[in-house]
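Make the full structure from the sequences, and use the hints.
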Amino acid sequence: MSGRVLVGVKRVIDYAVKIRVKPDNSGVVTDGVKHSMNPFCEIAVEEAVKLKEKKLIKEVVAVSCGPQQSQETIRTALAMGADRGIHVEVSGKDYETLGPLQVSKILAALAKKEDAQLIILGKQAIDDDCNQTGQMTAALLDWPQGTFASEVSMDGAQVKVVREIDGGLETIKINTPAVLTADLRLNTPRYATLPNIMKAKKKKIANVKPADLGVDLTSRLEVLRVDEPPQRQAGMKVETVEDLVEKLRDTGMV
Amino acid sequence: MAALGPLSRTARLGCNLCRKHRLVFNRNLQRRGIASCIDPSYGLSEEQKEFQKVAFDFAANEMAPHMAEWDQKEIFPVETMRKAAQLGFGGIYVQPEVGGSGLSRLDTSIIFEALSTGCVSTTAYISIHNMCAWMIDTFGNNEQRERFCPDLCSMEKFASYCLTEPGSGSDAASLLTSARLKGDHYILNGSKAFISGGGDTDVYVVMCRTGGKGPKGISCLVVEKGTPGLSFGKKEKKVGWNSQPTRAVIFEDCAVPVTNRLGAEGQGFNIAMKGLNGGRINIASCSLGAAHASVLLARDHLLVRKQFGETLANNQFLQFKLAEMATKLVASRLLVREAATALQQSRADAVSLCSMAKLFVTDECFNICNQALQMHGGYGYLKDYAVQQFVRDIRVHQILEGTNEVMRMIISRNLLTES
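Taken in sequence, the protein lines are chains A and B.
According to full-length UniProt numbering, the first sequence is numbered sequentially starting from 1.
According to full-length UniProt numbering, the second sequence is numbered sequentially starting from 1.
Think of the hints as simulated: they come from the structure by calculation, not from any bench.
Be careful, since some hints might not be right.
What the hints assert, rightly or not - Simulated restraints, written as ranges between beta carbons of each label pair:
| # | chain 1 | residue 1 | chain 2 | residue 2 | range |
| --- | --- | --- | --- | --- | --- |
| 1 | B | I399 | A | P23 | 49 to 57 angstroms |
| 2 | A | P23 | B | Q345 | 41 to 49 angstroms |
| 3 | A | E222 | B | S104 | 46 to 54 angstroms |
| 4 | B | S231 | A | P195 | 34 to 42 angstroms |
| 5 | A | N207 | B | S36 | 26 to 34 angstroms |
| 6 | B | Q345 | A | G156 | 50 to 58 angstroms |
Note that CB positions come from ideal geometry on N, CA and C, so glycine has one too.
See below:
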């Protein structure tokens, strides 16, 4: 076992920013807007670094697909404890149509190239909320998957994953190599320390092009239109429970 | 990176705003520093942006939620400060070989500015602690550096800076605390006033008189808590800075080993002044953070509060007032950062620039916070709203580390002295 873990990190609009739709409804405004690492990706990085600290794996490699600015996101992962980074350059039109299918093809190719033992991703990105990349990557590699992980423990060449599912918690044991996706309660990501931020400067980020990995970036999806959600309507106040039930019946809710 | 607290996590990730948590929620939003023209990350290097991000995240998650409680209950947040020290904030410009982070004055200013948005009082204390650690690191011999700095950088031990006395504030060089040499000890007699952290801290960097009158008779001694003859006055009740205790520090035949003297006899005043140059940048940086947070609070209030049928944001007077506040904020920030750069490079204009920065920034930022309070109307006066704490906390920045009047003395002397 190589002991190498690939962690995917995505650069997304910061969670605290108020999103605005472009006037032509083709997408959201990203120019000049604050971006940061997807919060679920932070949790994924933290889990990988924790595994390394427990000496269960040997190397953490942070991967990001996107334009030049994605390197900032990789640097954040390095400051949290990742050993090196891989920046897969995707820009312009290709970046606008980059989605889970393309990213999972890239990750699959990299996993083979780097002889990865584990791929840890965030369960979804807060910009598109797709929740697909982890699952697609596992399918392309024909690897087992432990998604929505809220607890991960390694047992030799197997991984025990406690998954958050609708009905509660499900515990599974899967063989490595495997794909895991991190859910909210998996851990609390650490702050980077000042010394680690400075050390991160010296860590290497390799540049790779999707073509080098033999990946076709053509999208099978076309975004027709992006709209703001409908304005929240005012509610209605009622005097009694009977009134409430009547109103619910009237509007067809019950 | 955001170590998201449980409240903000479930409220924000994947679901809609949770109205009942709005107050805490709003605070976190405001402290993120998301607003274009006053964004404090412009012009910074990638690395500095990373430092700033950690500081902002720490402030938003670990400090802002407790800022009001620390103020009301007068809590000295030891655990939180130790968490900050683990990230490297205990000795930011102290050298790495004794446990510091070895960063520049500009990096330090950026960090304190960001931390201050979480709690001015606590950040101001952290900056005083940093100043003391730096003084020992820079003017101490290797034995002293190794003895004191690692514990200070990790905040295993806390430090206080003791210069002011009941009889000597602005006229610092006239201090009276005496240190008479007796064998291999100095015997200290006298008292210091308004000491931040006094009584709760472990290491006291004390300026005292070993020689004759005036600045050249002053030396710098490190006094440790528990030394016989060292005692403290009552905890002062203050308008702000309530998350740090302030007490008089009293010396009664207090014997301090000669090996605790930093630098040579007579070098103390020089050490004190050099420490204060950096201290002035740090205090000004704390004022910047408060002003930044206040502008965001005011902005958000203007967007929400309605009178006369429309939001306050449509009122031109308030729009213009907000623009003026933003402009003064950015101007202040640029001055502080330039002063930090000058000090780092030991430029000829460093001392005067530090004084100008302290003078201008503490005054302007107080006005900004005060305006922000005014814009909140009656709500601004309630302790439920953070803006009043920013106003109260930074009011003292115009007084300590050298009053703004003393800053004017330094600057006018520079202009009027024939060189």
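A quick look at each hint next to the structure:
no. : hint                                : result
1   : B:I399 x A:P23: 49 to 57 angstroms  : holds (51 angstroms)
2   : A:P23 x B:Q345: 41 to 49 angstroms  : holds (47 angstroms)
3   : A:E222 x B:S104: 46 to 54 angstroms : holds (50 angstroms)
4   : B:S231 x A:P195: 34 to 42 angstroms : holds (38 angstroms)
5   : A:N207 x B:S36: 26 to 34 angstroms  : holds (31 angstroms)
6   : B:Q345 x A:G156: 50 to 58 angstroms : holds (56 angstroms)
Of the hints listed earlier, there is not a single one the structure fails to meet.
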